[in-house]
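Undergrad: Here is how the chains run, residue by residue.
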Amino acid sequence: MQTFLAKTRQAGPLARYIGGRLLSGLFTIWFIATATFFVMHWVPGDPLSDEKAVSAEIRQNLEARYGLDKPLPQQYWIYITSMLKGDFGISYTQKNRSVNDIIAEHFPVSAMLGALAIVFATLGGIVWGAIAARFRNRWPDAVIMFAVILTVSVPSFVFAALSQHLIIKLNQATGVSVLPVAGWGGLRHMLVPALVLGLGTMAYLTRLMRASTLEVGSADYIKTARSKGLSSLQVFLHHELRNAVLPLITVLGPAIAAITTGGFVVELIFTIPGLGRYFVTAVQQLDYTVIMGTTVFYGAFLVLMVLLVDIVYGLVDPRIRLQGRADA
Amino acid sequence: MCLQAAGLQARAVDAASRTISLAMATEPPSLNSLQATDSESFFVLTHVMEGLTQYNLDNELVPGVAVRWQIDEGGATFWLRRNARWSDGKPVTADQFVYAWREALDPVNAAPYASILFPVKNARAINNGKLDKAELGVVAIDDHTLQVFFEQPCPYFLGLTAFATYYPLRQDIVEAHGARYAAESNTMVYNGPYVLQRWVHGASLRLVKNSAYWDVERLAINTIEIPYMTSSAAATLNLFKDDAIALAGLDAESLKEAVVQGYPVRRFRNGIIYFIQFNFRDGRASVNHDLRRAMQLVFDSATLVNKVIAMPGNKALDGLFPSTVNGVSEPFQREFPPPLPQQNLVLARETIATARRAFGGELPPLTLLVSETPVSVIIGEYLQNMFKQALGLDIRLDKQTFKQRIAKMQSGDFDLVLAGWGPDFDDPITYGDLFASWNENNRGRYSSERYDHWVAAGQQSSDPRARMEAMNQLQLILHADVAILPLFEGASVYLQNPALRGVGRAIFGGDPSYKFAWIEAANADANISR
Numbered sequence: 001m002q003t004f005l006a007k008t009r010q011a012g013p014l015a016r017y018i019g020g021r022l023l024s025g026l027f028t029i030w031f032i033a034t035a036t037f038f039v040m041h042w043v044p045g046d047p048l049s050d051e052k053a054v055s056a057e058i059r060q061n062l063e064a065r066y067g068l069d070k071p072l073p074q075q076y077w078i079y080i081t082s083m084l085k086g087d088f089g090i091s092y093t094q095k096n097r098s099v100n101d102i103i104a105e106h107f108p109v110s111a112m113l114g115a116l117a118i119v120f121a122t123l124g125g126i127v128w129g130a131i132a133a134r135f136r137n138r139w140p141d142a143v144i145m146f147a148v149i150l151t152v153s154v155p156s157f158v159f160a161a162l163s164q165h166l167i168i169k170l171n172q173a174t175g176v177s178v179l180p181v182a183g184w185g186g187l188r189h190m191l192v193p194a195l196v197l198g199l200g201t202m203a204y205l206t207r208l209m210r211a212s213t214l215e216v217g218s219a220d221y222i223k224t225a226r227s228k229g230l231s232s233l234q235v236f237l238h239h240e241l242r243n244a245v246l247p248l249i250t251v252l253g254p255a256i257a258a259i260t261t262g263g264f265v266v267e268l269i270f271t272i273p274g275l276g277r278y279f280v281t282a283v284q285q286l287d288y289t290v291i292m293g294t295t296v297f298y299g300a301f302l303v304l305m306v307l308l309v310d311i312v313y314g315l316v317d318p319r320i321r322l323q324g325r326a327d328a
Numbered sequence: 329m330c331l332q333a334a335g336l337q338a339r340a341v342d343a344a345s346r347t348i349s350l351a352m353a354t355e356p357p358s359l360n361s362l363q364a365t366d367s368e369s370f371f372v373l374t375h376v377m378e379g380l381t382q383y384n385l386d387n388e389l390v391p392g393v394a395v396r397w398q399i400d401e402g403g404a405t406f407w408l409r410r411n412a413r414w415s416d417g418k419p420v421t422a423d424q425f426v427y428a429w430r431e432a433l434d435p436v437n438a439a440p441y442a443s444i445l446f447p448v449k450n451a452r453a454i455n456n457g458k459l460d461k462a463e464l465g466v467v468a469i470d471d472h473t474l475q476v477f478f479e480q481p482c483p484y485f486l487g488l489t490a491f492a493t494y495y496p497l498r499q500d501i502v503e504a505h506g507a508r509y510a511a512e513s514n515t516m517v518y519n520g521p522y523v524l525q526r527w528v529h530g531a532s533l534r535l536v537k538n539s540a541y542w543d544v545e546r547l548a549i550n551t552i553e554i555p556y557m558t559s560s561a562a563a564t565l566n567l568f569k570d571d572a573i574a575l576a577g578l579d580a581e582s583l584k585e586a587v588v589q590g591y592p593v594r595r596f597r598n599g600i601i602y603f604i605q606f607n608f609r610d611g612r613a614s615v616n617h618d619l620r621r622a623m624q625l626v627f628d629s630a631t632l633v634n635k636v637i638a639m640p641g642n643k644a645l646d647g648l649f650p651s652t653v654n655g656v657s658e659p660f661q662r663e664f665p666p667p668l669p670q671q672n673l674v675l676a677r678e679t680i681a682t683a684r685r686a687f688g689g690e691l692p693p694l695t696l697l698v699s700e701t702p703v704s705v706i707i708g709e710y711l712q713n714m715f716k717q718a719l720g721l722d723i724r725l726d727k728q729t730f731k732q733r734i735a736k737m738q739s740g741d742f743d744l745v746l747a748g749w750g751p752d753f754d755d756p757i758t759y760g761d762l763f764a765s766w767n768e769n770n771r772g773r774y775s776s777e778r779y780d781h782w783v784a785a786g787q788q789s790s791d792p793r794a795r796m797e798a799m800n801q802l803q804l805i806l807h808a809d810v811a812i813l814p815l816f817e818g819a820s821v822y823l824q825n826p827a828l829r830g831v832g833r834a835i836f837g838g839d840p841s842y843k844f845a846w847i848e849a850a851n852a853d854a855n856i857s858r
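Note that the protein sequences, when read in sequence, are chains A and B. Once you know that position 82 of the first sequence is 82 in this note's numbering, the rest is easy, because the numbers rise by one and skip nothing. To get this note's numbering, take the position in the second sequence, counting from 1, and add 328.
Think of the hints as simulated: they come from the structure by calculation, not from any bench. Don't take every hint at face value.
[Unchecked claim] Calculated pairs, DSSO-like style, for lysine-lysine (alpha carbon to alpha carbon, straight line, at most 30 Å):
#, chain 1, residue 1, chain 2, residue 2
1, A, Lys-70, B, Lys-458
2, A, Lys-52, B, Lys-458
3, B, Lys-584, B, Lys-643
4, B, Lys-461, A, Lys-70
Fair warning: this is a prediction, and the values are worked out from it, not measured in the lab.
Same shape as in the complex, but just chain A:
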């Protein structure tokens, strides 16, 4: 009984915390939806206009079909109410497909690619960052930090094109298709695009990891560990690394969202059917329903990821949780 009470008392602030965050998250999503709706309609042009103009009567028929003949506030009301019912409408450019279908079919692709990219980025970031910190101000550090700056400053389409070029050379040299140049299917198709997609984040995490490892290195418990007579490698692996990884978790939320949504160029060059392509083309084509659907979906995804990371961080690092309780 006592333990149960203790548990609820313990869970109370956490549940309240999550509830509050969810509520503010819902508000954020509503705000995103409303702002996007009005900005989108404010941009000159509309989804029905094309290089070839249609006659006035056809134009009228089209406007009636898509409800664009109604006043804007009424369109907004219709939009928000159907969104609450989970219906994002029919795409203007993909004329027979609902936005729900588009998201359901293409987000998993972006998510799979993004997940692999995050794995590459995190592993790479930790390993390279730790190596750079361990060999601080010596040549491995210099080489890694140079690579980091290069990766951050070169746009991803350059890496995409370059890696495609290398694959072609590899395939030509071996006479077999070692890796596909582009396309979507199995893990073989994902490896290179995921690596390219994760490069930017990997560079960022490398820098972060290096800094945090150096910071941890001067902490008291490291000195204690050293004074206990542990070898420098043991201290590094068991004490420094474990604590240095913590700050990386905080940036993972936004990074996951950024990677799964920001794959447009990579998806285009490697011909991957992810949601990123639909998102960008929808903006170019002013495909109102797809713009709204993907923006709201990505907004919700981002909110969720940030919340999730906060919770995970609290679980991993007890100091955060204690602080939270003291505040409450």
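Please arrange chain B on chain A, whose structure you already have, making use of the hints.
TA: Showing chain B alone in chain A's frame:
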């Protein structure tokens, strides 16, 4: 060897299985023939559907579902082949055409290309909601005879019947699937040479021979795989280099690389014309005839094409009709040569001086609306410099994204606009009526009673000679009024696997067409990489 056995080493052209692999720029936005307006949808539709007529390798009309026809001033009769079948085995019948045309005109369906049916009696009134669709002037006399009544004489009607909006539709299938009709490969049926066997949205398409097709014996390609969708020309070229695709369209950048690599570059004049259109709305400086005339007197399309754009295939355009248009018995341009550029700097400066006086001593700056694509910007900057140097004209370049440019064209927010036009069907009127006062695509609102008169004559006269004479009048009037500055006719530049033959590059409808293609086995094993 193991990899090959596992099918990982698929070649772009596989002679054994008679399979070719291709890439598409995007996935087809709509395979419902009533809704399709874009080249990707038309490309797929031209392989999986067939109208009364179709285009052959030489872009000539040949029988499709119809075996023969008779056209006069009042209407047309089509006799349908008895062995035309849908992919589910059911026969293709005349009432399926009646159904499709009525649906295309029903305002509820809001078909963007409904107007291409307007020559049919009552079509326009139905599309306006003034008449019921049952009043449309088309009747299925029996299963294999289709009779069409015209609103007014339409000598070019045959060319329209190959267009997607004129394809037949199966009422049972359309109604069974409702809004999901043609959204997936299994929510439609096919009466063309191929069927869509598999469609993974955004990822891949697979077309296989339609065993129910009346001419299936003639098809030399069994399977058309489209496993790649990308609008990136660089990625497309890389896929071609890796022997993953059999045909690759090139842009200016990838063309350079293809030339460096030594690939034989092919080109095809696609009938798309590009021109500068002047704005004739009240209050615009471009309304001044002397101003426009002076610009015409210093402009030379050949210099633009050869020195400025410098892409192979493009051809200088002087009249309204590109070299692909046919006249009575010969190419139109040979029968009726367009007015050539005069290049008279002295006269141009006199004319601009007159214009300057009309503006009270100072020429107002002009706005040239262009899209933000590299080629458009290059053309815009060239014209800006050329008119400044030759005439002292100040031109402001207004670079806009696609939709914003269209919006500004529609609202008339420009003095000059760089525009293009692709033909819908095989008749010069598809270009000719572009500048009629009632045409929505006449974005500069040029309006001339004489021009409208000759458009009407060209639309209705039953005498081919008189029709072409009317078209000639159109290009002469446009030149005299300086309604436009013709720039060039476009071309597709591309690479093609040497083992693949008989690829049809279509000026009208779906392009490219593989309906008549075959694999030259002797070349099939030759690696295309060098």
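Undergrad: Does each hint fit the structure? Answer for all of them.
TA: Hints versus structure:
1. The hinted pair formed by Lys-70 (chain A) and Lys-458 (chain B) meets the criterion: a straight-line CA distance of about 22 Å does not exceed 30 Å.
2. Taking the CA atoms of Lys-52 (chain A) and Lys-458 (chain B), the gap is near 25 Å; set against the 30 Å cutoff, the hint holds.
3. Restraint check for Lys-584 (chain B) and Lys-643 (chain B): the C-alpha separation of about 19 Å stays at or below 30 Å, so the hint holds.
4. Restraint check for Lys-461 (chain B) and Lys-70 (chain A): satisfied, since their Cα atoms lie roughly 26 Å apart, inside the 30 Å limit.
Checked against the numbered hints given earlier, this structure breaks none of them.
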